[in-house]
Amino acid sequence: MSCSPFDLRDFYLKELSDPQQRQVEAHVRDCAACREELDRLRLTQAALFSLRDEEIPQRIAFVSDPVFEPSAARRWWNAFWGSSARLGFAGAALLSAALFFSAVTRTAGTGGGLTQSDVDRRIQLAVAASEARQTQTTTKLVHDLVQHADTEHNLRLVAEDESRIAKEQAWAIVKDSGGVVSSPNYSGDPK
Amino acid sequence: MIFRAVEDTDLIRQASRGSVESYNLLVSRWEKRMYNYLLRITGNREDALDLAQDVFLKAYQNLRKLDDPGRFGSWLYRIAHNEAYSLFRKRKPEVDVDTVEPAPTDIGITVGGSSVFPIELSLAVASALDRLSPDQREAVVLKIYQGFKFEEMAEILSCPVSTVKSRLYTALELLKAELAPISPRGVS
Numbered sequence: 001m002s003c004s005p006f007d008l009r010d011f012y013l014k015e016l017s018d019p020q021q022r023q024v025e026a027h028v029r030d031c032a033a034c035r036e037e038l039d040r041l042r043l044t045q046a047a048l049f050s051l052r053d054e055e056i057p058q059r060i061a062f063v064s065d066p067v068f069e070p071s072a073a074r075r076w077w078n079a080f081w082g083s084s085a086r087l088g089f090a091g092a093a094l095l096s097a098a099l100f101f102s103a104v105t106r107t108a109g110t111g112g113g114l115t116q117s118d119v120d121r122r123i124q125l126a127v128a129a130s131e132a133r134q135t136q137t138t139t140k141l142v143h144d145l146v147q148h149a150d151t152e153h154n155l156r157l158v159a160e161d162e163s164r165i166a167k168e169q170a171w172a173i174v175k176d177s178g179g180v181v182s183s184p185n186y187s188g189d190p191k
Numbered sequence: 001m002i003f004r005a006v007e008d009t010d011l012i013r014q015a016s017r018g019s020v021e022s023y024n025l026l027v028s029r030w031e032k033r034m035y036n037y038l039l040r041i042t043g044n045r046e047d048a049l050d051l052a053q054d055v056f057l058k059a060y061q062n063l064r065k066l067d068d069p070g071r072f073g074s075w076l077y078r079i080a081h082n083e084a085y086s087l088f089r090k091r092k093p094e095v096d097v098d099t100v101e102p103a104p105t106d107i108g109i110t111v112g113g114s115s116v117f118p119i120e121l122s123l124a125v126a127s128a129l130d131r132l133s134p135d136q137r138e139a140v141v142l143k144i145y146q147g148f149k150f151e152e153m154a155e156i157l158s159c160p161v162s163t164v165k166s167r168l169y170t171a172l173e174l175l176k177a178e179l180a181p182i183s184p185r186g187v188s
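The listed protein sequences correspond, in order, to chains A and B.
Counted from 1, the first sequence has number 63 at position 63 by my numbering; the numbering is strictly sequential.
Counted from 1, the second sequence has number 117 at position 117 by my numbering; the numbering is strictly sequential.
Everything labelled a hint here was simulated from the structure, so no lab data went into it.
By construction, the Cβ of each residue, glycine as well, lies at the ideal position given by its N, Cα and C atoms.
It cannot be assumed that every hint is accurate.
Here are the computed lysine to aspartate or glutamate pairs in the EDC-like style, where the Cα-Cα straight-line distance is at most 16 Å [as the list claims (entries may be wrong)]:
hint, chain 1, residue 1, chain 2, residue 2
1, B, K165, B, E155
2, B, K165, B, E152
3, B, K165, A, E54
4, B, K32, A, E54
5, B, K149, A, D10
6, B, K149, A, E15
7, B, K32, B, D54
8, A, K14, B, E152
If the Cβ cut is set under 10 Å, some of the chain A residues that face chain B in the computed set are [claimed, not checked]:
hint, residue
9, E37
10, L48
11, D53
12, P57
13, R59
14, V146
Generate coordinates for the entire structure from the input sequences, incorporating the hints supplied.
Written as structure tokens, this is what we have:
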């Protein structure tokens, strides 16, 4: 029976915790019986290792079993995506098909289905609309000008009235003071 | 340290999504270990090869059930253990494989009646292993040759760690007695 603090076989197989391993190591240094027991375990393991691993006589059949290979369609699909040339060709074909589809299904352009009378009528309508816009603009301009002229005329009248009143007041003041002063700029009667 | 461009866990994930190529690579990494494990517990090359194929096929079919890819190794050995014991039961349906005492042989592992290992020591080892019960032999193979920890062995064998240790240590005592007998100077 071993006198080791822990099972020597656990120690030898490294199944002890680190502190336990160190404890047994320390014990074995001073215990000849445990050292001999460990030597026997080493010899036994060395003998067991004389039985070498063998090479497997043949690869596992699963590796090449056709049951597990991808289907023919799957292989074609994988090969297709694995070839950049085929992929490029497919892209070009797809683009061509898209262009063809677009050309076939595109709607007719503007004016493609109009008669001469339609065109004339549309032109007349456009001209009439343009003339109407011009007339409206001209009318507005004339109205603005007339309004502007009226405003200026009224302002001038007001200014003249104010000037006349001022002169009359000045004349009255002179008259009241007894002086004879001619009114050089006044041509009307002082009423 | 051997650098692997793709880890096993990545291969397992890809294989579980249906990548046969990834699984093939995985098989190529594990097939030798699995074959030797099965060879040592069955003692027969043909059985070991057939079982290895079954194991990898079954593993592929059930790969999606593997929750943790990091436990692929012990999971694979668990399948192998079950497949091997299923074979044992088919061969000897009337015998309880847990209590079977194998008949002593002196030719070790054989294929078609001829010795696989001609070296004397290898023969002695094969003979000593042959004298162990299947459970004891499997415990030795998993621990000494495959390097599993006790917890992993318990998972593979579906038994408590204490049972694993008991089987292994009994086997080691028997092997020690045969392969490393006490030297005369050690006998009082």
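Here is what the structure says about each hint:
no. : hint            : in the structure
1   : B:K165 x B:E155 : holds, 13 Å
2   : B:K165 x B:E152 : holds, 12 Å
3   : B:K165 x A:E54  : violated, 27 Å
4   : B:K32 x A:E54   : holds, 8 Å
5   : B:K149 x A:D10  : holds, 11 Å
6   : B:K149 x A:E15  : holds, 8 Å
7   : B:K32 x B:D54   : holds, 14 Å
8   : A:K14 x B:E152  : holds, 14 Å
9   : E37             : holds, 9 Å
10  : L48             : holds, 5 Å
11  : D53             : holds, 5 Å
12  : P57             : holds, 6 Å
13  : R59             : holds, 7 Å
14  : V146            : violated, 89 Å
Violated hints for the displayed structure, listed by number in ascending order: 3 and 14.
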